[in-house]
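Throughout, this note's numbering is defined as the position within the sequence shown, counted from one, plus 29.
By construction, these hints were calculated from the structure, which means they are not laboratory data.
Each hint should be verified, as a subset may be incorrect.
[What the hints assert, rightly or not] In the DSBU-like style, the derived pairs of lysine-lysine whose C-alpha atoms are separated by at most 30 Å in a straight line are: (1) 55 to 477; (2) 99 to 477; (3) 53 to 440.
Keep in mind that this is a model prediction, so the values were computed, not measured.
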Amino acid sequence: MTSSLHPVIIIFAGALLVGVLKGKLKGVVSVITPVIGLINLILIDRSHGGNYVMTLSLMDLQLELARFDKLSMLFAYLFHFAAIIISIYSLHVRDNMQRFTGLLYAGSAIGAVLAGDLVTLFVFWELLAVTSVFQIWARRTSNSSASGVRYLILHISSGLLLLMGATIIYKDTGSLHFDHFDLNGLGGLLIFLAFGIKCGFPLLHTWLTDSYPESTAAGAVYLCCFTTKTAVYAMARGFPGAEPLIYIGAVMAMFPIFYAVIENDLRRTLAYSMINQIGFMMVGIGLGTDLGINGAVAHAFNDVFFKGLLFMSMGAVLYRTGTMNASQLGGLYKTMPWTTGLSIVGAAAISGFPLMCAFVSKSKIMVSAAEDGYVVIWLLLLFAAAGVLKHAGIKIPFFAFFAHDSGIRTKEAPINMLVAMAISALACIIIGCFPQLTLYSLLPHELKYNPYDLTHIVTQFQLLFFSAAAFTVLMLTNIYPSELRSTNIDFDWVWRRGGRLFYKAADVTLNTTNERVHRAFIIEFIGRLNRFTKAAPSRLLVIIMTPFWKARGLEGDSLIAKQKAFYEDSRLGAFPIGRAAIFAVILLGLLYVL
30 MTSSLHPVII
40 IFAGALLVGV
50 LKGKLKGVVS
60 VITPVIGLIN
70 LILIDRSHGG
80 NYVMTLSLMD
90 LQLELARFDK
100 LSMLFAYLFH
110 FAAIIISIYS
120 LHVRDNMQRF
130 TGLLYAGSAI
140 GAVLAGDLVT
150 LFVFWELLAV
160 TSVFQIWARR
170 TSNSSASGVR
180 YLILHISSGL
190 LLLMGATIIY
200 KDTGSLHFDH
210 FDLNGLGGLL
220 IFLAFGIKCG
230 FPLLHTWLTD
240 SYPESTAAGA
250 VYLCCFTTKT
260 AVYAMARGFP
270 GAEPLIYIGA
280 VMAMFPIFYA
290 VIENDLRRTL
300 AYSMINQIGF
310 MMVGIGLGTD
320 LGINGAVAHA
330 FNDVFFKGLL
340 FMSMGAVLYR
350 TGTMNASQLG
360 GLYKTMPWTT
370 GLSIVGAAAI
380 SGFPLMCAFV
390 SKSKIMVSAA
400 EDGYVVIWLL
410 LLFAAAGVLK
420 HAGIKIPFFA
430 FFAHDSGIRT
440 KEAPINMLVA
450 MAISALACII
460 IGCFPQLTLY
470 SLLPHELKYN
480 PYDLTHIVTQ
490 FQLLFFSAAA
500 FTVLMLTNIY
510 PSELRSTNID
520 FDWVWRRGGR
530 LFYKAADVTL
540 NTTNERVHRA
550 FIIEFIGRLN
560 RFTKAAPSRL
570 LVIIMTPFWK
580 ARGLEGDSLI
590 AKQKAFYEDS
600 RLGAFPIGRA
610 AIFAVILLGL
620 LYVL
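Could you put together the complete structure from these sequences and hints?
What follows is the structure in structure tokens.
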């Protein structure tokens, strides 16, 4: 059995069905749709093999609607898995907008990673922004509404940068093929920045920490699985070996640690952790080696499962308690034991414990950095890896489920949430235990790598031990920052203040300009033109008649009085019919002569 059906068609068709169906059937279709899509993808893979392309001729352009190679297929498989898990996680959700736009969002991500040309990529890139923002707005609070607007502005800007870059590249090369780009050209730089916005580059990262905490319980899981991973894919496709990514990635891996430690909102903590993990991926892509690229895309693959698991566990807590503040949580292990246990699995996975998925992917990036002579970068990544255990591996489960007893006694998470979390937890363990049979076979480069080298295992256990010991000492000595209700100032303060100042400046400048233009053009010029059109015929007749009056002997005050009286009569149209006919003939004659 074979297939040549574009995977996006199935996902979008399912989304439309979810939009029109009612009752429990919506949930069934939302789960079955990505399952059918996954089967279709497997059939395409088996029937056509690698480097299969679906093309479309549009005017003079030859578009590659879908390109199936090892890199794109890895992410296409990943997004189908993610869509299945999140659809199960969202079965209890009655809001049709979340389900409908969620599937459209997943389909847009699949379309983007399969796109073989910049036009197709741009279309799905913008669809990513438009469909994903509803996962924020679906929260239906004033904060989520404002956050969604800020999110949309930044992501639409990313699309515009991509479009400008594509236009310049097409003008320079005559090609729209989506492949490796040169950072030395303006087009490549614009596309690099467009990808960087969705990756969460430093100073452009604030949309993650702004939107994730304001989205719905399921919305944050959608956001963590699709947008940033699509951007990581695009960067791996377009800029492998771009050295600036090594240093950008190192900064991304480092600075979020300090914010995550002091953050009270646990989903915002995970958002900072997301930036930290993408930093590792950027370093791997920037190194450009087979080992580095494999490590980056493998870590992106694993991140969907362990970070998605943590977001799902926090979403379950939010669903049951209505809060994400660590200062208000604690003691939930008593009434949410399954959620607690699954969250601990996610925490262990993200921390890089052996037999967990991050252990078999993050190590590739760090080994590649060391082998290529980037010793300082390797040390920074080592420090960042230790920081992950503190802010995600320990802080998230500790303050949500243990710490002090908040007195909250609630129900366990709904069964569909637990099933989705269990699937993700199982994936974290299976990939970690059997990387060669699972993840490594999907990677773009054929490479022999054994993560369970004795040196690596010992080093990782030492790292985990000393990081956990440092956290324990800091807690016992009350040096570790307490969880307080507060607002931490990040670079988004600059964007928001700058946006307000820009609005005020534009308001004053444009409104003042508008008022002056209105006064000068509408009131003065149009008013004078109106008066002229009303008075011009009468004045013209006075000018024509004046020589006749002078010939009849009228002069001085008599002539002026005659002119005024004639002007008023003509303005009011108070003429005998014969005189009016004569004037009409005279005017028509003048017009004919002119």
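Results of checking the hints against the structure:
no.	hint	in the structure
1	55 to 477	violated (44 Å)
2	99 to 477	holds (17 Å)
3	53 to 440	holds (23 Å)
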